[in-house]
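Asks: One letter stands for each residue in the lines below.
2 protein chains.
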Amino acid sequence: MSDHEQLKISIIGTGRVATHLALHLHQQNQKIQYIFNRSVEKAQVLADQVHATAIDDLAQINDTDILLICVSDSAITQISEKLSQINYQGLVAHTSGSTALSVLSNLGRNAGVFYPLQTFSFEQKIDWQSTPIFIEAKSVDALHKLEIFAENFSSKIYQYNSEQRLSLHLAAVFACNFSNYCYDIAQQILDEKQVDVDLLQPLIDATAEKLKRARAVENQTGPAVRHDQQILAMHQLMLTNHTEWQTIYQLMSQGIQARTPKN
Amino acid sequence: MSDHEQLKISIIGTGRVATHLALHLHQQNQKIQYIFNRSVEKAQVLADQVHATAIDDLAQINDTDILLICVSDSAITQISEKLSQINYQGLVAHTSGSTALSVLSNLGRNAGVFYPLQTFSFEQKIDWQSTPIFIEAKSVDALHKLEIFAENFSSKIYQYNSEQRLSLHLAAVFACNFSNYCYDIAQQILDEKQVDVDLLQPLIDATAEKLKRARAVENQTGPAVRHDQQILAMHQLMLTNHTEWQTIYQLMSQGIQARTPKN
Numbered sequence: 001m002s003d004h005e006q007l008k009i010s011i012i013g014t015g016r017v018a019t020h021l022a023l024h025l026h027q028q029n030q031k032i033q034y035i036f037n038r039s040v041e042k043a044q045v046l047a048d049q050v051h052a053t054a055i056d057d058l059a060q061i062n063d064t065d066i067l068l069i070c071v072s073d074s075a076i077t078q079i080s081e082k083l084s085q086i087n088y089q090g091l092v093a094h095t096s097g098s099t100a101l102s103v104l105s106n107l108g109r110n111a112g113v114f115y116p117l118q119t120f121s122f123e124q125k126i127d128w129q130s131t132p133i134f135i136e137a138k139s140v141d142a143l144h145k146l147e148i149f150a151e152n153f154s155s156k157i158y159q160y161n162s163e164q165r166l167s168l169h170l171a172a173v174f175a176c177n178f179s180n181y182c183y184d185i186a187q188q189i190l191d192e193k194q195v196d197v198d199l200l201q202p203l204i205d206a207t208a209e210k211l212k213r214a215r216a217v218e219n220q221t222g223p224a225v226r227h228d229q230q231i232l233a234m235h236q237l238m239l240t241n242h243t244e245w246q247t248i249y250q251l252m253s254q255g256i257q258a259r260t261p262k263n
Numbered sequence: 001m002s003d004h005e006q007l008k009i010s011i012i013g014t015g016r017v018a019t020h021l022a023l024h025l026h027q028q029n030q031k032i033q034y035i036f037n038r039s040v041e042k043a044q045v046l047a048d049q050v051h052a053t054a055i056d057d058l059a060q061i062n063d064t065d066i067l068l069i070c071v072s073d074s075a076i077t078q079i080s081e082k083l084s085q086i087n088y089q090g091l092v093a094h095t096s097g098s099t100a101l102s103v104l105s106n107l108g109r110n111a112g113v114f115y116p117l118q119t120f121s122f123e124q125k126i127d128w129q130s131t132p133i134f135i136e137a138k139s140v141d142a143l144h145k146l147e148i149f150a151e152n153f154s155s156k157i158y159q160y161n162s163e164q165r166l167s168l169h170l171a172a173v174f175a176c177n178f179s180n181y182c183y184d185i186a187q188q189i190l191d192e193k194q195v196d197v198d199l200l201q202p203l204i205d206a207t208a209e210k211l212k213r214a215r216a217v218e219n220q221t222g223p224a225v226r227h228d229q230q231i232l233a234m235h236q237l238m239l240t241n242h243t244e245w246q247t248i249y250q251l252m253s254q255g256i257q258a259r260t261p262k263n
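So the sequences go chain by chain: Y and H.
First residue of the first sequence: 1, per the working numbering; consecutive thereafter.
First residue of the second sequence: 1, per the working numbering; consecutive thereafter.
You can take every hint at face value.
In the DSS-like style, the derived pairs of lysine-lysine whose C-alpha atoms are separated by at most 25 Å in a straight line are:
#, chain 1, residue 1, chain 2, residue 2
1, Y, K31, Y, K42
2, Y, K193, H, K138
3, Y, K42, H, K262
4, Y, K212, H, K125
5, H, K193, Y, K212
6, H, K156, H, K212
7, H, K31, H, K42
8, Y, K212, H, K212
9, H, K125, H, K156
10, H, K212, Y, K193
11, H, K193, Y, K138
12, H, K82, H, K42
13, H, K156, Y, K193
Bear in mind the hints are in silico, worked out from the structure with no lab data behind them.
Could you build all of it, start to finish, from the sequences and the hints given here?
Replies: Quick look at the structure:
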């Protein structure tokens with residue numbers, strides 16, 4: 001296939017990643033051929049938005065050029081086996097940060113990984129240009145094709161191996177999911193005292209912003225890093241009715257103090 | 001004192017909060033009279049920057065109009081006692097989110113709290129206009145003076161009681177300090193595999209940004225909220241050599257799952 005020819009792209013899955021990828025490709029005037037879901041009704045909803053054909057039988061997918069697997073990690077192996085059975089020959093990539101390339105081993109040299117490091121919600125637009133995309137492939141040729149394909153999304157394209165990508169995903173769980181859970185606990189604490197949760201936003205923004213200029217360990221503030229035992233004790237007392245938050249408070253504070261010993 | 005008269009402001013302490021308050025007031029052409037530190041050399045460093053007099057004896061501070069106590073929480077009581085001994089009559093406010101107004105009870109009706117909710121680092125500029133300031137005072141008169149004073153910094157001035165302010169500070173520890181520790185763990189995970197830590201920044205920004213549009217609990221993504229037990233198990237296995245991170249991973253994931261039960 002040449003770089004300029006209109007490639008037929010198909011997507012397996014209709015979740016958040018599938019939806020954002022499909023919508024963006026459609027906006028870029030790329031040709032989306034099939035949207036697959038075991039429920040053809042679910043496939044139809046997304047297919048209608050991107051002028052594609054909804055299917056619930058993988059065998060139909062055989063004439064597509066680029067196939068993106070956007071299903072839960074545990075379902076990738078099964079999809080891979082079915083594609084092998086129908087002798088699928090096109091380029092195929094899974095989109096999971098936490099799944100090794102090796103799960104596609106039965107698909108030969110035309111298999112790879114296309115992993116956009118981003119937090120996907122149905123409701124919110126993705127800033128693709130700032131989203132790093134990680135590619136990995138079984139062959140130089142497949143890698144090259146994935147790279148050209150990735151340029152539809154972002155100029156930040158990186159080649160990392162599976163072990164590195166898995167670390168990146170684990171790191172993202174801490175930096176994104178767990179941070180967000182910290183926000184959630186904070187909002188619940190404020191709700192209990194009828195304090196406006198939006199008041200925390202400038203502080204949250206500043207904390208994220210600081211990271212652009214220094215490492216997190218250097219930016220750390222608060223009672224733990226100051227080794228202010230009085231405040232630490234008072235805060236734990238305030239959390240008496242929420243023992244699970246109290247335990248998180250203790251562990252996080254201990255971790256911060258271990259990173260920055262009292263001078 | 002009238003609203004327009006040039007008030008003499010003095011600051012007790014030379015730490016991050018003291019420094020940022022003094023520098024901003026000086027930029028606003030406010031008159032900084034004294035900078036106090038038990039080490040006059042330390043006081044001198046900040047005093048030089050804001051054209052103030054460095055002192056190490058609190059008795060000298062008696063002729064100032066507005067006195068800001070910017071010391072560690074545990075030292076506020078001691079400062080308050082000394083000010084009472086010298087019969088200080090001006091307006092005095094501590095700047096701590098985690099200390100009740102009642103610690104200034106020996107200073108009469110001219111005492112209050114001036115608490116800017118912000119994360120202060122020596123190296124980084126403060127966006128004062130977006131910084132909420134929380135005031136509380138023993139008398140309506142003192143509250144009014146603090147409000148006028150706070151307008152030097154921000155238009156976001158809120159009157160909350162001590163209990164609410166303490167909750168806000170506790171919430172800020174979760175939303176800011178603990179989030180930052182999550183970033184720190186993420187960076188350490190990436191360092192071990194030679195992956196560029198800056199790759200996480202767009203995700204971190206997006207996570208903070210999402211909070212402007214929906215509650216944290218609604219924004220949650222990741223393997224825990226998806227109840228993806230396979231990934232959760234794999235991640236914990238990857239953390240075998242970091243048992244303290246492993247425990248944090250478990251607790252945070254359990255907390256996220258308890259908030260958003262499997263449907």
